[in-house]
Structures are given as structure tokens and as C-alpha cells.
Amino acid sequence: MFAMRTLSALGLALSLGLTATAGAETTIRVLSDRTPAHLESLFKHYEQINGVKIEAVFVKKGLLARLKERPTEADLVITSTGDVLQEAKQEGLLRKYESKTIDATLAAEFRDPDDTYVTMNYRPRVIFASRERVKPGEVTGYADLVDPKWRGRVCVRSGYHEYNLSFLSQMAADKGLDATRSFIGGLKENLARTPNGNDRNQVRGIYEGVCDIALANSYYMPIMMSNPEQRPWGEATYVIFPDQDKGGAYVMRGTAGLTTAGDHVAEATKLLEYLVSKEGQEFVVNTTFEYPALAGVALPEAVRDLGKGQPGIEDGRFKARFIAMPQVTPQRDAVVTMLDEINFDSK
Amino acid sequence: MLKAKELTRTVRRRRIVDAISFELPEGSTATVLGPSGSGKTTLLRMIMGLDLPDAGELHLGERCLARTGLHVPPETRDISLVFQEFTLFPNLDVADNLAFGLKRPHAEQRHVDDLLELLEIAHLKHRRIDRLSGGEQQRVALARALAVKPRVLLMDEPFSNIDNMLRERLYGRLRARLAEYGMTTLIATHDHKEAFFFSDLIMVMKDGALIDHNPPQLIYERPANAWVAAFFGDANAVEGGLLATLWPTGDWQPGTRYLVRPEAFDTGDPDAADFVAARVDNVVYYGAHQDLAVSLAGGATLKVRAPGPRRITAGERVGIRLHPALDPHPLPDPA
Amino acid sequence: MRNWLSGLALAVFAAPTLFVLYKAVTVPDLTALTRFGATVLPGYVGNTLTLSAIALALALLFGVGGAFLVAFFRFPGRRLLDVALVLPLMLPSYLVAVVYREMSHLHTWSPAVESLGGAAVILALTLYPYVYLLTRAAFRRVAMGFIEVGQSLGLNRVEIARRALLPLAMPAIMLGGLLVVVEVVSDFGTASILGVRTLTTAVHRVWFSMFDEGLAAQVALIGTLFPLALVVLYGLVTRGRGFAGPSNRPIAPRRVALGRHAGRVALAFCGVPVVAGFVWPVAIMLFWAAGAFDRFRLDSLYHDLLHTLTVAAGTTVAAVAIGLGLALAARIGDRRAWRLGTLWAVSLNYVMPAIVLAVAMLFVSGWMYGSALGGWLVDSAALIVFATTLRFTAFAYFSTENGLQGVSTRVDEALLCSGRRRLSGLLRVVLPMIRGPVVVGALLVFVVAAKELTLGLVLQPFGFRSLAMSIYYFADIDLYGPAAIYALCLVMVVAYPVLSINRWLGAR
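These protein sequence lines are chains A, B and C, in that order.
Going by the numbering used here, the residue at position 51 of the first sequence is 51; the numbering climbs one at a time, nothing skipped.
Going by the numbering used here, the residue at position 211 of the second sequence is 558; the numbering climbs one at a time, nothing skipped.
Going by the numbering used here, the residue at position 218 of the third sequence is 900; the numbering climbs one at a time, nothing skipped.
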């Protein structure tokens, strides 16, 4: 369990039976679709140092539906893709945060133009390639995924998964619908098998020889390397940051924002500030192996190793292409329509 | 010939059927008569092969069906049983239930129709089983067993749910049909009228034992004991000495009890010759006849059957005499 | 008062369906559905039908075959198999799917399961016990009387089985098959783990990835049509009647000894689903769990266990009370329309994919959570219990109703003549008579409620997590060790109920 290992590495393995201190009267409620392990230790730490109680509910499915039906149930929402909070914002489900700290410390591209939510962290959708079968430099960008050269050699998870929908929506916003349609079509042509399983399963496909290249989020490499069973999958592959000379890699944003609930705005804002503070960011980066939104936060070694040897990549730092969220989500319906029409998920 | 020798079945150390032996000639009809719980059903189930005897033998013709170490499966015995609970298949209609045991149901359609007519259930041919009355179900069960024309037909209380009028119509027809098929038949019943109607042989069971078996007339007139006598109708057990004083015509032995059925008495003028005067204590009127309880001068009481038309009332004096043609037999006490 | 109460209950039961219907018909236009229909929908429908057909065929083979052998024959291992055949019911099928998927990746000898056929086999392996339990109970109830009649008419065992026993057990077999189809059609976990796109997985993605409520509701309704058609077919075939036994004291059939060779074949036939559906997956889970046990925190397991027990017990109490109330009300009312209405209202929530009910409940809770009662509902496990009760009362109702059918109406008449009040008569006489079916219904509700995942995932209150949810979270991020620990804990929770059901339904 990598999360726990990190926990102890951070020296925060405080006794777990402890509940929040007796004097804690405020309870901040958090609604999230992230993996529980990514946030639980951070919350625990926050409870210890601030004397508040955090109650979280991790809704892997239907977070937006739940937020829509019970908009003031939680104080803070944390999601694994920005698309969800952008939708929530458009539905009027988010409150403007008022924080000079955030305005001062966080770069503009990580702040929603209307200050309704922030990007806490991000990770690129990268290409995993076989160490054996793909020579360095042979694959450099997303365009290679649809190159007929790799026909029947590409693994991707379901096109309708949140990550791929966000990725394709960004592409549509960036390059237009026609380009995206031919990308989806070309990708389907190149698929080694019916899309199935999660991102790691695609990398495993390379290890098992089913495919040579796969599309997945960057942090899966460190995660796999820290898990004895999955380590061979990671070792069989290397990460290529795509399109470094063509505008950069598309990223998934981890986002957080305040709901319209009015009871604990100040406390929730404080928690939000903490999430993008140096300490909070270190926490997030070390548990998720994602990239921090705050400048000057050190990357863990496992992340610094990513893309080693790829020209232009130093210490895991890569060139990202940040597409503003308001341009991304409107593409979603069109992307789904194209996936349906191409019938991407069935081989 | 269906032959049983010392057939015995014990359940939880209780002898349900206790060493029963009998012989039924081919084509004959017999009844097993006895009160509830006397072991009739178990006897039939053993003959069918559904319950195993723990001692004794059973033969059908030359073939041994059961003895220690041998058990011929029921389906190959050429015997059929009409169950007391009918056990019709609820998923089939009447006609399909009837045809259930037939090897070639379509070829034997006329046979099926014929049986439906015989038992007056032709109009129910395509009726669902749960839409039938108890009597109708019983007739379907009967027809179903007849349909396969077994060599031996066993029937467990086959008319218990059928009303009297229909029952009497069915008796005659069924008896003729059984004779036509030449079936050996064994009927378990507690109704002695049914037994008299059908039987060449009547077997009386009590507590698992066969206590009497004889043709109908013999069993009625010379029952094995007073219990059997009472089972077939009212009986007077009259002491020989008393008979001798009343009707000195016979050769009565004092100290012996004789069976005198109520219908063996004539009633008449109490003051007429060879009539003995008696006082009527009680009368039950049955239409065709009336049953009297009378007491004699010496205090003895008798059950007497009188013809229906002339009503007799309690308290009246009446003359009785023993029917001259009757020949009372000694009646042993029950063991 | 009585009618008013059960009418209210029925309205509550029908509400989720009406909600979905409302969502489905109030979409402004049909373009989304038409496009869906012209592109991916036919594939989803085809997959769903094929998946159900294969799973049903296999479940019938395992279930009816196993029940037949165990009920009528004696062979080596029969006593053990009598119980063992029911064990796969304890496992969540999506974790069994994970086991097989992982094995197929690790070992070349392990068959590939990431296909429609693989999903069908795994679903059949975990669902056939429904068919097995019901069929075996029917065989034992129908029992000796009919076998004896067949024998007395000169038929051998095979003919009796073909012409009497199977037809007589048909209502039970069909009911078991129906349960299998409902579970397959509304399954999300197994299908998504093995990459099979069904109507239910489509509902999930349309609702939660496309945020299109109207289309999701429409697809959900299409998905519901198939099991509903089977419910209608079941009603037509059995014409609303079960087959009562031949006598009021049925005797279970005596078993016939099989020969050496036939005995081994029977053992193998019954052994395959037990090994493949339980022994092998549990062995792998034990292996995984052992590897993760030292890195594992037991305290969270304790909370999950408590939550699971709370939900399962709460659901059981509520479902049995409601099921009993509705069944008795339907009996007293004795109007065909009332009975049918109850049947439909109660079974609809079960026939629909769980996700539909989850979203409907989300809507309801959103509409009332501002109030004190609503706030309490949302903040406690009560909402989940409410939802699982709506979904699983069908089990309690069917079981009770079935038991009541075995109680002659003469009993009611006798009660009326006895001069007691009707209710006290029901409680003192009828209730003890249907104790068996009520207990079986209760245990079934407990088992399915303990295993329920989707409702928990969507409706979880703050601080709530069940065993099934933890299994899902861990399996989702490929942490099979902890997932296996939670799964084995879940197995222990449902073990006693499952074994009890088995006993009540006539295992020796």
C-alpha cells in the first residue's frame, strides 16, 4: 500500500484510533470522487493541527448528480477531473472563494477565471511505451497513437472514462472537432483489443505483449513501481511526455471548490487554502504522485524519474498544455457523440 | 394368484402389518376391511412395493415379488395402486392425467375416452385438476389406475369422497369392468357395504393383524369373534340358556353365546303363539326398517329389526320370535 | 385503515418507477435516444440479451442438474454437495470476476475471461444457487407421492423425472431463472470489470459521464423490459399458481443409490460449479489476504462491518415487516387486482438496475433534506436502508406470499368462525404456519442487502462505508489483498444466513 508507506515516510503515522480532539466543534464536510486513500491521511493531519473535524464522503459515481440534488450537503468538493467542477460551476453549485492567499500564490491557469474553484494538482495523460519494442524517440506525441505504423499495437481504456473524455474534450477545444474525430477513428483502428480495465491495465498489456504503446496518466508509473505485484509492468515500460515540441501534454486537473453551503465558509476556505499551501501540496504530491499547482514544491523522487532520457525533460518536469476549462466542457457532448458513432469501445 | 405369506412390517418397533397371509385367485376381487389405523394402507403399499416388508413373502403367479433380500421395483410389478390422497398431477389436465401411465397415449385415446365415460367424468376431460371437486378427483385417480390395465389393481378407499347415488351406479359398472379385464383387485375400505358388493373374499384387519377372512356370507354369519361381528352391523350375543327358554326348538348349549343378528327376529302380536312378549325401550326409524331395543321379562335386552311400514313406538308391547329358517352360530369372544 | 396503509406503502414502492418514467418521457426531444439507437444501443441490447441467455442456460444446467442429483440420488460426496452447492451465493460476483481476470493474466492455463462469454460463465457460477435452492425445495416438496404414483403406473425413474418431477418443479425453476436474469441484466460490477458493455453499464455512463438524465432513464427502461417480459411469461406459464403438494404431510423422496461410475459422474457434475464458483476464488482470496494481512489496519474493517450489519439487519426488519403486511393485506382483501398490483409494485424496484433506484432516492433525498426528518435520513444510514428495503422487499414479499398460498383459505374461514378478531387469529395461527417462508425471505434479504454495492456507493452518508464498498474501492485501485480481506469478512457475515437458507429449504 503505497499510500501508507508514504504516510510513514512523512513521519505522520499518528495513532489511527484517535478521533479529532474533544474540543472540535466545527465539522467540515467534503464531497469527493477521488480515491479515499489520496485524501484521508491529509485530512487526518489537518484535523490534528487545526482542531476541526473533517467528514468526507467518497462518491466514485454520480458526484455531480449528488451535488445537484443536495447542493449544501458538503462544504467543499474535491474532484479528480476539472470537468466535473466546471459543470458544477455552470449549474450554479459552487461559491466564489475569497482568499487573498490563493490569489497571490496560485498561478492564473490554476484558478478559475471567476474564482469558483482551483486546480490543486494535475497530471499529464502520457504515453507508456515498451522498453523492448519501442525505441526512444520512435514515439513522441499523441499523433503517434493513430499512426498506422502501430496498427493493432495500442492499448487504451474505455473512451467514455472520465480521463479519456476530458482528454478528448481538451483536444477538441484545442484542435477542433474534425481533428478529434479522425484521432478517435485512428485510435480505434490501432487498438490491440477491446478497451477494458483501468489505466494500469493498459500498461500491463504492454508487459504482457498485447500492445506496444498505451495511453495512461503519468502517476501510474510510480504507483506501479511501489507495488511488488505491479512493478514488472512498470519496469517493462517507460513514460513518454507527448507533444513536448508541439504545445505540450494535455493534463487532467485535480480540482477543489466551495459549495453553496453557508455554514462553514470560513473554515472551508481555510481548508481550501491549506490544500494549495506548501504543506498541503507536499502532502498531495507525495500521496498521489501528481504535479503540484503551487510553484516551488519539490517532486518526490519517483516522479522526478519520469521521462528520464527524453529530450527536454528534467527531473520529471514537462511541458503541459493547459486548456482553460470553460472551453473544454462544452466539447463533451460532441466527443461522446463521436465515440458513439465510431463505436470506439467495441472492437 | 396373488399370494402373501407372513407379510410383516415394523415401524419404530410397532408392527404396522403383522404376519399377514392370504391367497387371491386370478381375477378375483377382495376387500381389506378394518378401522382407521389398522394397517390397510401399509398392506397395500407393501403389495405395490412402495413400502418394504421386513419379513414374509409376496408372490404374483409364478413370480416372487418380495422376500428377504429380494425387492422387485414397483414399476415392474404389473400392479397399480389408487392412492387415498388421489395424488393427481396438478400441472396436467384430466385427460393427460389419465394417459400418464400409457406407453402410447395417442393410440389408446379410445380407451381413455371409454374410462372417462365409465366414471362419468367425460365432461371434465380438459379441466385443470385444481378445478375439480374431491369426488371428481377421486374418479380421475381411479380411471388413471384402470387405464394401464394392470394385472393387479389395488384401491385405497376409492369411493370415500363419492356421494351415495353415484357410488351405487359406479359399483356395478366398475365390477363388470373389472371382470371384463380379468383384473385381480384388492380394495381397502372401512365400509362393509362396499366390501359386500365387490368381494369374493373379505379380509378383516385389526391392529395390523388379519383376524378373519372369508367370503361375504360366511364372514357375516360366522364371524371369527364378536368384534368382527359388530364391525358388520348390530349383533346380539345371546346366551344359549336364554335362547332355550325362549325358543325351545333349537339345540342350544347353555354357557355358549350365539350370534343373533337383529334381522333374525320377527315381530308380531305379543300374545300370539310362539311369540315372546317384550317391552320396546327405544326405536330408531330408518324408513325401510326400524331398529328396536327391547327388554324381556327376565331383564335381558335384545336389538331387533322390524319392517318400516308399521310404526312402533317406545313403551309399546311387542311380540318377537326367532326366524325359523335361521340357524344361529356360536360366537367366540374376541381374543 | 388497512387498505389505506398498504396503499401508501405501494405508492412509495411505485414512486421510483414513476420517477424514472417521468424523467424518460419529459425529455424535450428524442434526438439523443435516436442517435444512441442508431449507434451503440443495438450492440448493448445484443450484449445484454446474449449475456443473459448464456448465463441463464448455464445457471439452469448447474442449478437444476445439481438439485436433481442431490434430491433423488445417493452418491459419494452427496451430503457435502447438498450444502456446498449453495456456497457461491456468499461471494460478490464482481470480486470473483477480478479473481478470474487476474488469474488469466498471471497464468497461461487460466482461461481468458475478459469477454462476454467469460462474464456469462462467472455470473452463472455465482447466481446458479438461486435456481438450485428453489428447485431442490420444489423437488423435495413435490416428492414421494408423485414418484409413487408414477411407479404404480409402471413408469421408471427417468420417465417420472421427465414427465412429472420437472414439470412440477417448473414454477420454482422459472422463478430461479428469473432471479438470475434480473441479476445479470442489472449487474454492473462483473460486466464493467470484464469489459462487457451492457445496458446497465450504459445507464451508468450516460448518467454519470454524460450527465444526461433523460437518456439514462430511457436506456434504463429499455433494460428493464427484458426481465419484465420474463415476469409476465412466468405469470402466464404458472397462471398465478404454484403447484401444491399431493398431501398435507409430504414425505421427501427416498434417494436411489447410483452405481460407481454414475456416482463419480454425478460428483464431478456437482463439483464443478462448487469448485469454480467458490473453492477456487476463495482460495485465491485467502492467498491475497494472507499477503496483505500484515500491512492492514483492522479498525476500519470493524467500522465497515458494523455499517454492513446495520444496513443488512435494518433492511431485513423493514422488508419482512412490509412484505408480511402487504402479503396479509392482499390475502384479506383477496382481490386479484390488489394482489397483482402489489406484485408489480414490489418487484419493479428489484427488476430495475440498482442505479436507477439510487438516483431516484438521490432525487427524493434532495427534495427533502432541508427538513429535519430529511436531514436525519440523509445523515444516517437510514436512506440506504430505505433504498435497500425498497429494492429487496420483493424477496420477503414473494417468500411470504408463497407460504400463504400453502395455507388453505379454510384456515381463514375457521378463524372467522372461532369468533376471534381477525388480526389476532392471523398472528396466532397463520403466522406460525408460514414461519419457514418468512424466515427464508428474511435471510435472503439479509444476504443481498449485505452484498449490495451500488446503492451504498451513491447514497452513502458522511462517515459511512460498507464492506462491499471497501471491496470495490480496493479492487478499483488494484489492491487485491485488502479487497480480499474485506471480501472474506463479507463471506463470514453472510455465511450463517446462507447456510440457514439452505437448511430451511430442505438440505439435510
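For the record, the hints were derived by calculation from the structure and aren't laboratory data.
This one's a predicted model, so the numbers in the text were calculated from it and none came from an experiment.
Yeah, the Cβ is synthetic: ideal placement off N, Cα and C, and Gly gets one too.
Mixed in with the good hints there might be a few duds.
Listed below are several chain C residues computed to face chain B (Cβ distance under 10 angstroms; list not exhaustive) [what the hints assert, rightly or not]: (1) A697; (2) M826; (3) G832.
Per-residue hint verdict: C/M826, partner chain B, C-beta under 10 angstroms = Because about 9 angstroms separates C/M826 from the closest Cβ in chain B, which is inside the 10 angstroms limit, the hint holds.
Under 10 angstroms, Cβ to Cβ, is where C/G832 needs to be relative to chain B, so tell me if that hint holds or is violated.
-> holds (7 angstroms)
Minimum Cβ distance from C/A697 to chain B below 10 angstroms?
-> violated (36 angstroms)
Consistency note: the structure conflicts with earlier hint 1 alone.
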